[in-house]
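K.L.:
If you're matching them up, the sequences are chains A, B, C and D in order.
For the first sequence, my numbering assigns the number 14 to the initial residue and increments by one for each residue that follows.
For the second sequence, my numbering assigns the number 14 to the initial residue and increments by one for each residue that follows.
For the third sequence, my numbering assigns the number 14 to the initial residue and increments by one for each residue that follows.
For the fourth sequence, my numbering assigns the number 14 to the initial residue and increments by one for each residue that follows.
Keep in mind that the hints were calculated from the coordinates and are not lab data.
Accuracy of the hints is not assured; some may be wrong.
No copy is singled out in the list; a pair is fine if it fits within one copy or between any two copies.
Straight-line Cα separation of at most 30 Å, DSSO-like style, residue types lysine-lysine; simulated pairs [unchecked claim]:
{"hint": "1", "residue 1": "K87", "residue 2": "K337"}
{"hint": "2", "residue 1": "K178", "residue 2": "K337"}
{"hint": "3", "residue 1": "K87", "residue 2": "K368"}
There are 4 protein chains.
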Amino acid sequence: MSSTYGTLFKLSTFGESHGPAIGVVIDGCPAGLDFDADFIQSELDRRKPGQSRITTQRREADEYEVLSGVFDGKTQGTPIALIIRNTDQRSKDYSHISEQFRPSHADYTYHVKYGSRDYRGGGRSSARETAARVAAGAVAKMLLRQQGVQVQAYVSQVGKLKLEKSYQELELAKAEENAVRCPDPDMAEQMFAYIDETRKKGDSIGGVVSCVITGVPAGWGEPVFDKLHAELGKAMLSINAVKGFEYGSGFAGVELYGSEHNDAFYTDEQGQVRTATNLSGGIQGGIANGEDIYFRVAFKPVATIMQDQDSIDVHGQPVTVSGKGRHDPCVVPRAVPIVEAMAALVLADMYLRNKAAHL
Amino acid sequence: MSSTYGTLFKLSTFGESHGPAIGVVIDGCPAGLDFDADFIQSELDRRKPGQSRITTQRREADEYEVLSGVFDGKTQGTPIALIIRNTDQRSKDYSHISEQFRPSHADYTYHVKYGSRDYRGGGRSSARETAARVAAGAVAKMLLRQQGVQVQAYVSQVGKLKLEKSYQELELAKAEENAVRCPDPDMAEQMFAYIDETRKKGDSIGGVVSCVITGVPAGWGEPVFDKLHAELGKAMLSINAVKGFEYGSGFAGVELYGSEHNDAFYTDEQGQVRTATNLSGGIQGGIANGEDIYFRVAFKPVATIMQDQDSIDVHGQPVTVSGKGRHDPCVVPRAVPIVEAMAALVLADMYLRNKAAHL
Amino acid sequence: MSSTYGTLFKLSTFGESHGPAIGVVIDGCPAGLDFDADFIQSELDRRKPGQSRITTQRREADEYEVLSGVFDGKTQGTPIALIIRNTDQRSKDYSHISEQFRPSHADYTYHVKYGSRDYRGGGRSSARETAARVAAGAVAKMLLRQQGVQVQAYVSQVGKLKLEKSYQELELAKAEENAVRCPDPDMAEQMFAYIDETRKKGDSIGGVVSCVITGVPAGWGEPVFDKLHAELGKAMLSINAVKGFEYGSGFAGVELYGSEHNDAFYTDEQGQVRTATNLSGGIQGGIANGEDIYFRVAFKPVATIMQDQDSIDVHGQPVTVSGKGRHDPCVVPRAVPIVEAMAALVLADMYLRNKAAHL
Amino acid sequence: MSSTYGTLFKLSTFGESHGPAIGVVIDGCPAGLDFDADFIQSELDRRKPGQSRITTQRREADEYEVLSGVFDGKTQGTPIALIIRNTDQRSKDYSHISEQFRPSHADYTYHVKYGSRDYRGGGRSSARETAARVAAGAVAKMLLRQQGVQVQAYVSQVGKLKLEKSYQELELAKAEENAVRCPDPDMAEQMFAYIDETRKKGDSIGGVVSCVITGVPAGWGEPVFDKLHAELGKAMLSINAVKGFEYGSGFAGVELYGSEHNDAFYTDEQGQVRTATNLSGGIQGGIANGEDIYFRVAFKPVATIMQDQDSIDVHGQPVTVSGKGRHDPCVVPRAVPIVEAMAALVLADMYLRNKAAHL
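Given only the sequences and the hints, what does the whole structure look like? Please build it.
P.N.:
Okay, here's the thing in C-alpha cells:
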C-alpha cells in the first residue's frame, strides 16, 4: 500500500469508505502561506456527493477539521493534518457483498493481495479516498495561486457526447455553472440528460476530463524520470477509474508530420519567448516552457451498476451480484475537482523541487 | 534533475549524448540471479542506431561493460553498474545550434532551467539516454523471466497506418522479424514504405507502441498512488517523445456503458479465477488481477527534421534552424525495446514491493 | 520539515504541543496483523506525563483513536491513522515567551527557518510529538513480536550516577517496577532521589538510556548507507534532547586492540552460528548477525529550568527568561518507551526491506 | 542493499574491492558550479592507500574519470558519474578465505543475507567503497565552499592516546602536515609511534575522528526526523568501522545540569545572534543555529589483524583464520577525508532542502 505521494510537498492519505474518518497529512508545505480555510471547504463541496440527481445520493457533509500545521491563520512549515469524518455510512448496504467479488471493482485484487478486505463501500479502494486528495489539493492551490498558477478542469466528453472545441474556444469558468461541469451550456444540457437516462437504466457511462494550467513559469519539471507530464500522468492514473492520459497533441499527434507538429519559437512584443503553436502542451523535454499546459484524462464507466451481474464469491463459486448502494452513474462531474487537486499537488511539488535545482 | 527511478529495484542513470559514456546503476536487484550478459547486449542491439535505412545512421556499437555487482555469473545483491561508451559522436554537427533553440526540442527548457546546456546532440535530453534504460531493463527482464513474466511490445501505428487487430489476433513474435517491429507482415511493409518516404521528404512521423505483459500474478501493484497502471504510465511518459498512455479499454472505454465494460469473474477448469472479458487490462484497483496486462503508448513525430524552421536564438533573435545530424524519421521501431525495458523495470519493482506487503 | 520516516514501514507524524491533536499515519504495515489496541494504550501510558513527581505535571490522558487501517481486529494493509487529542494545554503559560528565545530550545532556529512559530509549549519542536512515535512504535512492536523480536530499554545513567553493570547482569524486566525505569533497584532509588533534588533546585539533569534487542535473525540491515546501526543511530538522534549514540563496544571500543575486540565465530550445540564475545553489538557490516543488539543513547539535561536565564527576544534585545510551564527535570525515565518505539520502527522497516532483498 | 543516499543531492555508489571499478553517480547537483577536477583528485589522494608505513600498502593510484554531468568546466544539473578503476587487486591473497568467515568482518552477515558473496577483499563491504564517497564529497565541498561552509576533520584519539584540547585550542590546518592527521604535532608523533608499534605486533587499534563545520547559516536541518545531527549521525555510522557518534556536549553532557548546559543567546556587535557557549554543537531542535557544528566519531580497531584467530567456515566447521592481505593497523588517519566527505554530502543535501522549505 503506497498512500504517500510527492518528493517535497508530500502527502500521506488514509481512511476507508466506512471507517471513522478519512484524511491526509501534508508534509513539506512551506511556512508563511495564508491558510484559506473556507477555500478548502468549497473545494470539498465541489467533490461531495449529492450535488444533483446525477450524482450519488450518499449524504456526506464532508466537513473537515485541521489538526495541525496552522497557527494564526498561516502555515507553519510543519505537517498539516486534515481529517473528514465519515457520517453517512450505510454499511449494511454492503453486507450482501462481503463474500462476493463485484465485477471490475477492486474486491478480488485487494482480497488476493491483502488476504482480507474491508468490504464496506469498497474500503480503501473507494473513491471516497479522493476527498482527502481534494483537501490537500486545495492547500496546493493556495501555494500555486501565490505563484500565479491557475488549474482549471472541465468535462469534455460523456459517453459518445464529445465537446469538439479546444479550451481556447471555451469560457472555462462556465463549467461550474452546471451540474455536469461542462463549459458549453448546450453540451452540458445534453450530457446531463444522457447521464440521467443512463442512471434510470441502472447503468453507468464513462467520460473525459480536460484540464488547463496557466501561469506555470518555464523551468518546472524534473527530467529524465520525473518529467512534468510523467508526474501529471501518474497522478491522474492514480485516480479511481482512470484508463488513459494524454497531453498536448496526445494520441492524435501521432498522425502528424514533424513539420506540422513542431512549435516554432518566437519572441513576443514583451520580449517573452513564446511558441506559435502549442502542440507540445506547454512541456518540452519534461520541463514547462511557459505556454499553457493542457491534458485529457479518460474515465471508464463506474463499475457499480443497478443490474444483476455474473460473478464469483471468495470460494470461487458462481454468484449473482445485484447492484445496491448509492453510486454515480458517471464520475466525471465530480472528478473535475479531483483532477484539479492532483494537478495542483504535482505542480506544488515541482515548484519546490525547481527551487532546489538551483544554486 | 531526477535520474533516479524505483522504490526497491532502483535505477540511477547518467550520461549525455556526446559525453564520454552513458550508464546506469541498479541498486536493489536481489542476489542469486543468473546474469545473462549476452541477453543485455542483444537488448541493446534491438535499440541501437543504424539497424536499417529507416533509423538514424549514427554508428554506435553500444557495447556495454559491467563495473560491479556480478560475481561468478550471478548478481550479488550489490549495485550493478553498466556503462556504454559513446564512440561515434560527431559534435561538430551540432556547433551550428549551440546558440539556437530547435523547435519542439528541450533546448529552450533546459537552457532556462539549468542556465546552460550541453547542446551537442541534445546532451542529457537526447534519446541516447534510453540505452541505459534498456540495459537496466534487460536485468529486470532476467528477474521477471524467473517469475514467469514476459513483456512484449510492438508497433501498432505509424502516422495514419493503424493495425486494427487486437494483440490476441497477432503473432507477436513476428514483430522482431521486420525493421518496423510490427507483427503483421503486410502492415509492416506499408509502414516501412511510409517511414522511408517520410525520411526522403526530410520529415518525421509519429506512431504508437503497444505492449502486452503476461504471467503477472494477481497481487502486484501498490495503491492508492502507486497503482500498477499509474507506475506504468509514468514510466512510459518518461520516455522521450511520448504524448499519451492508455491501458485496457483506454480512451475508447469512455464511450461504453458499465454493463458493457465490466469484466465478469468466473472460475476456470483449473480452479483459477479469471475474467470473461478483459477491458480492465489486467489491472483492477491498481493491482494486477492475473489477466494479461496491455497498454498503448503514443509517440509524437521526432522534432528533428531535415527542413528549415523558424526559431530564435539564446538572445531571443529570429533564426532559421536547418536540419542536420543523424536522426530517426520515426522513433517507434527503436522505441519497442525501450517500452519493454521500462515496463520490466516497473514490474521488477512491483514484484519486490509486493513481497514486502506481506508478513 | 521532514516528519516522514521509513522506506517500507513508513510514518508520517503531525501535531503541535498545543494544537488540537497530534498523530501519525503508518503506511506500509502488512495486512493480517492482530491489532492489540490495549497494548498501544499501555505504551502511551508509559510515556505520558504525570507518572510521578519526577515527571512533568501536565495532565494528558493520552488516549488515542484509530481512524483507519483496522477492520475486524486486524490490520488491512492500508494506512493506519492514530490520533491523540491535546486536552491539558495551558497556552497562557507560554504567552510570556512568545517573543523570547529560550536558551537551548528550538525557538530561535524555528524562528529563523520558518519565519514564524507556534510558541505555545514549543509547538512542533515539543517532545509531545514523541507520543505519536510511541503509538506507531507499538504497532511496530506487534509486528516484531510475531517475528520473535523483543526490544527493551532502561535507564543506565542519570547525571554522574552510572549503572556499571552490563545488560546481561541485570533483570531488565525490573526497569518497569520503578519510576526511574532503572532495572537495579538500589541505583533506581539513588537516581530518583537525585532527580527529585535537582527538580527542587529548579534545575534539570541529563542521562543515558540503554537498549537491548533480542531475537533479530541474521540478515536484517541494508548496507552500505542504511546499515542497521546507522538507521538506529539516526532514529535515536531524531529524538528530542539526544546528543549521542553508540552501539556494541562504542566509544570505549576505540581503546582496544583488534585482537581484543574481534568476536570469534563458533558453532553452538544447536548448530547455530554464534560469536564468543559480542563487542560488535549484534551487527557486522551493517547487518544483524543474530546476536543481541545493544546500544546507548545520551540525553542532555532538559533546556527548561525554573531559574532566570539571560537571552534575547525576536528583536535581538536582551531579556531575562524565567522558567514557567510544567517540565521534566530529567527526561530519561519517560524516554525509555520512546527509545524502544524508535528501535521498533527501524526494525519493522528492516524486516520488510530484508524480505524484498531476496528473490 | 541500499547504496543510495540523500533526498535532493543524491548519491548512488557502486563497486567491489576487487571488481573492475568503483564509482558514484550524483543526481541533484545544481547546474553552474565550477567543477574543480584537481580538487577531487587531491581529496582522493588524502584517502588513498600507501600514504605512509602506517597505512595499507595496497597500491592504488585512485585516479578517477568523469563520465557525465560536466561541460565546459561547469556542472550541468545532470547526473555526475565518477569512476575509479581498481588496479592493484591481489585477489589471490583472498582465496584462502573464500570459505571462511573472518571474525568481526561482514563475511558471515553478507553470506547469510545475500546467499553468496564476493570474498575478494571484502567485496562490497570493503572500505574501498569509501573512495566513491570521497569523490562525491569533493563535489559537495565545491558547492559548500560557494556558500562559505568549511568542513575540517582531524584525528583526536588513537587507542588511549587522547587529545584533550578542544578544537578552538588547535590549529586544525596542521592536521594535514603529518601522517596521522592530528593537528597537535607532539601528539601526532606519539600516535604515529603507537600505530607503528601496533602494526609491528600484527595488531590493530581504534581511534576517534573529530570534525568541525564552520559557516553553516542558521536554518539548515529538517526536523523532526531528518534533524541535522540525526543525518550527520547516520552518515557517520554508515562509514565502515564506526561504533559511535556524538555532537556538541555528547555523552559527557549527560552529567551536566541544565543551568550549566544551556547556551545563553546574545546579540553581538555586528547585530548577529550568537550563543555565549556552544554545548549545543551548533544545532538546536535539529536545525543549525549559526554557531560552529562539531562532533566526534568512534572507529573500532580494524578487524583484519596479522595473527591467527579462531573462526568457522561456511559449513560451520572450526577453522583458523590467518591474517594476510594489506591492511591499515588504524583507520583514523585515512578516515579523516571520509568523515569530511560524508559531512559535506549531508550539508549539501540540507542546503538544497532548506531552499525548498521556503515559499
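K.L.:
Next step is simple, just say for each hint if it's right about the structure.
P.N.:
Okay, the hints, checked on the actual structure:
1. K87 - K337: between (44 Å within a copy, 27 Å between copies)
2. K178 - K337: Classified as neither: same-chain Cα gap 37 Å, cross-chain 37 Å, threshold 30 Å.
3. K87 - K368: both (21 Å within a copy, 19 Å between copies)
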